[in-house]
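The hints should help you fit chains B, C, D, E and F onto chain A, whose structure is shown.
Protein chains in written order, with the working numbering: chain A, 199 to 259; chain B, 199 to 259; chain C, 199 to 259; chain D, 199 to 259; chain E, 199 to 259; chain F, 199 to 259.
Any given hint could turn out to be false.
[Stated by the list, open to error] Cross-link-like lysine-lysine pairs, in silico, DSSO-like; alpha carbons within 27 angstroms at most:
no.	chain 1	residue 1	chain 2	residue 2
1	E	221	E	236
2	A	216	C	254
3	C	216	E	254
Honestly, the hints are just simulated from the structure, not real lab data.
6 protein chains.
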Amino acid sequence: MPYITVKMLEGRTEEQKKALVEKVTAAVSETTGAAEDKIVVFIEEMTKNHYGVAGKRLSDM
Amino acid sequence: MPYITVKMLEGRTEEQKKALVEKVTAAVSETTGAAEDKIVVFIEEMTKNHYGVAGKRLSDM
Amino acid sequence: MPYITVKMLEGRTEEQKKALVEKVTAAVSETTGAAEDKIVVFIEEMTKNHYGVAGKRLSDM
Amino acid sequence: MPYITVKMLEGRTEEQKKALVEKVTAAVSETTGAAEDKIVVFIEEMTKNHYGVAGKRLSDM
Amino acid sequence: MPYITVKMLEGRTEEQKKALVEKVTAAVSETTGAAEDKIVVFIEEMTKNHYGVAGKRLSDM
Amino acid sequence: MPYITVKMLEGRTEEQKKALVEKVTAAVSETTGAAEDKIVVFIEEMTKNHYGVAGKRLSDM
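So that you can see chain A by itself, here it is in the shape it has in the complex (with noise of 0.2 angstroms):
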């Protein structure tokens, strides 16, 4: 505890989101105090003709 969800779209490469958990991690713990060992995190990407803003899905963009 606590556990965070990063909701993106695909294309990251593997350091990136290597990258990601360590920083939010450590973001999550400076802010709440949490211990690093505690904190969980999620990746779960999106494809373009899943997610629509404004009405279009990117994929139609």
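For chains B, C, D, E and F alone, kept in the frame of chain A given last:
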């Protein structure tokens, strides 16, 4: 804002998903007063082996 | 099935939320072919101190 | 209703997932009083590169 | 890991929710092989005015 | 985009939650390349009677 997540079985066509985002966005804007360009829609597709009702997965029915 | 989650700031009236469920259900049925009586809608309300954009909570803007 | 989401690492067999839906549905029905035929179970599988604990992704451990 | 979310209408007693966590954890452990001490359960309660089926909120039925 | 959900026990101060949104947004921007003004953070607070680990709710420990 608002953020709409549509969780449904896989199998709809791209045309259906395009229309889904459009019409759901319009329905949310019309009823909540939120501007269409602020509304976000996520589509999350399920497979039959990961969706159970009444104790059975649809893939086991 | 499908299952729709609408995540939005608190503050809409009960009338707006009633219409929201009705119209979103119709929009999903019309575009996906799912029968209305199978469609489920969840409303999740947020408070301004629990919703941040561009690094700031709406309660801090 | 109720709606149960099971989020876990990929890798279980179809037999395990079949039994999971069955037993979780029974457990929820027994303890909440909800009828089994009203209970819905979603399975969401994660990959090791999208799941981090203590600042590290399982794929980086 | 695994992480279980139980989304249900408000109204169960504390005793029911205590038993729910216990029995769901046992069911998940038994069927997935995950150790009980690694299993996390979240309960999310809904109110009738935020839960709609077939286009109607339960509070409007 | 990206959309970050932080699920944690209730009890942090408003100052902590303000800093949480700020630092998590910076961490996500730095590692994914997404512009800060596109990043959204949701905070979801849990109560101890709705959060269980190893078969026990924190309120029963």
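Right, here's what the structure says about each hint:
no.: 1; hint: E:221 with E:236; in the structure: holds, 15 angstroms
no.: 2; hint: A:216 with C:254; in the structure: holds, 25 angstroms
no.: 3; hint: C:216 with E:254; in the structure: holds, 7 angstroms
Every hint from the earlier list agrees with this structure, and none is contradicted.
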